[in-house]
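Colleague: Construct all of the structure, not just a fragment, from the sequences and the given hints.
These protein sequence lines are chains R and W, in that order. Numbering follows this note's numbering, in which position 390 of the first sequence is assigned residue number 390; successive positions increment by one, without gaps. Heads up: take any position in the second sequence, counting from 1, add 573, and you land on this note's numbering.
I should point out that these hints are in silico values taken from the structure, not numbers from a laboratory. Quick caveat, the model's predicted, so the values are computed rather than measured. Glycine included, each C-beta is placed from N, C-alpha and C at the ideal position. Take every hint as true, because none was put in to throw you off.
Derived EDC-like pairs (lysine to aspartate or glutamate); straight-line CA-CA distance at most 20 Å:
(1) R:Lys484 <-> R:Glu455
(2) W:Lys675 <-> R:Glu126
(3) W:Lys675 <-> R:Glu131
(4) R:Lys459 <-> R:Asp489
(5) W:Lys673 <-> W:Glu723
(6) W:Lys645 <-> W:Glu707
(7) W:Lys579 <-> W:Glu601
(8) R:Lys29 <-> R:Asp513
(9) W:Lys616 <-> R:Glu307
(10) W:Lys591 <-> R:Glu157
(11) W:Lys591 <-> R:Glu481
(12) R:Lys451 <-> R:Glu157
(13) R:Lys173 <-> W:Glu688
(14) W:Lys616 <-> R:Asp570
(15) R:Lys258 <-> R:Asp403
(16) R:Lys173 <-> W:Asp678
(17) W:Lys641 <-> W:Glu604
(18) R:Lys173 <-> R:Glu131
So the derived list for chain W, only partly shown, Cβ under 8 Å to chain R, looks like this:
(19) Gln611
(20) Val614
(21) Val615
(22) Ser618
(23) Pro624
(24) Ala625
(25) Ser626
(26) Lys627
(27) Ile628
(28) Tyr629
(29) Gly630
(30) Thr633
(31) Phe634
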Amino acid sequence: MLNIEVNGKAVQANQGETILQVLTRQGIKVPTLCHLPGLAPSGACRMCVVEVEGAPSLIPSCSYPAADGMKIKTNTPQILSARKAIVELLLSNHPQDCLYCIRGGDCDLQRLAKQHGIRNRVFSGERVRREKDTSSPSIVRDPEKCILCGKCVRVCEEVQNVSAIDFIHRGNKTVIGTAYNQGLNVSSCINCGQCVLVCPTAALSEKSHVNDVLKVLSAPGKYVVVQHAPAVSVSIAEEFNYKPGTDIDGKMTAALRKVGFKKVFDTSFTADLTIMEEGSELVKRATGGGVLPMFTSCSPGWIKFVEQFYPEFIPNLSTCKSPQQMMGALIKSFFAEREKIDPANIVSVSIMPCTAKKFECGRPEMGRNSHSDVDYVLTTREFAELLRITGVDPSVLEPETPDTPFGERSSAGKMFGASGGVMEAAVRSAYFLITGGEMPKYTIQELRGMKGSKELRVKAGKIELGAAVVSGLGAARKLMEEIKAGRSDLQFIEVMTCPGGCINGGGQPLRADIEAVKARMNTLHQIDKDAPLRVSHKNTQVKRLYEEFLGAPLGHKSHELLHTHYNKRDVLA
Amino acid sequence: MSTQTKVDKILAGHAFAKRDKIIPILQEIQEAEGYISQNAVVKVSRHLSMPASKIYGVATFYNQFRFKARGKYHIMVCRGTACHVKGSLSALRLVEDCLKIKAGDTTRDGLFSIEVVVCMGACGLAPVISLNGECHAKVTPEKLKNLVEELKLKETK
Chain R
1 MLNIEVNGKA
11 VQANQGETIL
21 QVLTRQGIKV
31 PTLCHLPGLA
41 PSGACRMCVV
51 EVEGAPSLIP
61 SCSYPAADGM
71 KIKTNTPQIL
81 SARKAIVELL
91 LSNHPQDCLY
101 CIRGGDCDLQ
111 RLAKQHGIRN
121 RVFSGERVRR
131 EKDTSSPSIV
141 RDPEKCILCG
151 KCVRVCEEVQ
161 NVSAIDFIHR
171 GNKTVIGTAY
181 NQGLNVSSCI
191 NCGQCVLVCP
201 TAALSEKSHV
211 NDVLKVLSAP
221 GKYVVVQHAP
231 AVSVSIAEEF
241 NYKPGTDIDG
251 KMTAALRKVG
261 FKKVFDTSFT
271 ADLTIMEEGS
281 ELVKRATGGG
291 VLPMFTSCSP
301 GWIKFVEQFY
311 PEFIPNLSTC
321 KSPQQMMGAL
331 IKSFFAEREK
341 IDPANIVSVS
351 IMPCTAKKFE
361 CGRPEMGRNS
371 HSDVDYVLTT
381 REFAELLRIT
391 GVDPSVLEPE
401 TPDTPFGERS
411 SAGKMFGASG
421 GVMEAAVRSA
431 YFLITGGEMP
441 KYTIQELRGM
451 KGSKELRVKA
461 GKIELGAAVV
471 SGLGAARKLM
481 EEIKAGRSDL
491 QFIEVMTCPG
501 GCINGGGQPL
511 RADIEAVKAR
521 MNTLHQIDKD
531 APLRVSHKNT
541 QVKRLYEEFL
551 GAPLGHKSHE
561 LLHTHYNKRD
571 VLA
Chain W
574 MSTQTKVDKI
584 LAGHAFAKRD
594 KIIPILQEIQ
604 EAEGYISQNA
614 VVKVSRHLSM
624 PASKIYGVAT
634 FYNQFRFKAR
644 GKYHIMVCRG
654 TACHVKGSLS
664 ALRLVEDCLK
674 IKAGDTTRDG
684 LFSIEVVVCM
694 GACGLAPVIS
704 LNGECHAKVT
714 PEKLKNLVEE
724 LKLKETK
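Modeller: Printed below as a string of structure tokens:
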């Protein structure tokens, strides 16, 4: 225990803590721009400076360890003027277009300028003109708005282990860019959008499809249907000032109808369907000598990661499409036939917590007869924007239920939204597929929580499987290297691109801290606890779909509509 | 010897190299090829198990690396202190305007490239430029313009 003094008050600190950690615990909010909780500090922005008695200059609190006897001051005139000067200098080269900016009103730089009472432009530097990179189907980069805090570079490297972007050039010519400043689309970017979540300005944002969706909603002759992912209902509420972890599933469904969607389907339904297909695939591989371990294929960032970095493991990927694409394929086949609508007139929109889904829906194999199975993907953030534009306030609406034939879901499907959820759902149904009976207890505590890597040995009848759950591609890469080095005790591996799973996806509401993400996860688990239907194989609408249309899991129709293939990908990496 | 094999050969000479060898490797490649190509960055990245963006980031940090092939006529303009005092900035601007490229670039026809260097050690002769390694002392705007125009003319014949 260290005894230090903060603003004249005695405070205790733990060995190894940074000054910033101590101050945060004391309820003193020190402004930061480049700080990323959980990662090593970079100390680049200098916003967090404090005064330490005896030190020759101001000290960056994010990277300086607390020491015994330290006397710290946090708001002397010298500190405040230093912080103000930093913001003023950042603004000197920043476009003054806040009114038109996607992050207007929700920008860290803007907030800091306001907090520090900056009312006029003190420095006017030369405005650097740089082109936007709109080459990626998921993410737009606007280097003019970049303040070089480096958070995106660190997340891409340290969390996701992708490193599509880095600092290029030096000094005042520095930019964040890909190798050879090529477009993101040819880089190793996997479209996960974690960089968007940490970006303090609008230098990184999702490629918006709000206007396209608004246009088709009023286009004559178009039948616009929507699906929403399991992780959206527990996060969208944050955009409307609910506390993190509030589930507004029913109100959200009602809001989607108000906006003008003809049918509202729940992607958790196809999550249940995925379990039937993927579970059967696993049992077939495990009993028939197929390629093991099998990796899940729901997370499109992960798929691209394998295609470009581990092509030798492509046969290990489950051939199942993701729930979004399964739903898309069913809407334009089974649903179109049933309702006697020409698939060409159906516009299929999906609401996803994910930027990579925008990339996924554009993959050439994800469609038939030159129609994409999913036409537009909106992130949770864009969905909130759509609701604001159309003036629909979900908080005042009465909850409604989604439409048949893809409206029923088990809570197992709903749990796809959190890391470990796919595995838990798969184990519940695989147990049934193998033994014909139900598990004595559905909840598998070992697979839950925010840890990047979780493992479990599952016993079902005579079959015993090694299961692993990883989230965040850094954790995934570590496991891949172990398997490459000869590890063979694992048969089924769930990989989610984003740390914690879709609840922390790149399309989710901004400024959510780890506690907010945990709250979203807990809500999904609470939904599971309270649900009457907790296993995918008992979903009656899924059963009916097999009876009326698909036949059996892994059957001919399933193969045509619900399964896909992957290709080795050459990228600039 | 083709481009491919030059880089491969250099990398083979650094068989068990780790990331600390990145600069010597890039220097050797530039020595052999005159510049660092996109292909070379990808190969170095695979060889060192480092992301391509990182290799490119390190390479662009240093002024010594070029990312475009040199032209047939490679013009180096000295921007050292003595040359600066003697007006090397206008010399550089003039060459850039004549060739319609910026320092570090190569013209599309592959004939000319410009590079800024910090000092050639001929300060007594400032301002100095070098054309394919041959020094031209006390250049004036007229001299420079004539030099470039002559070369252009020679190539169109």
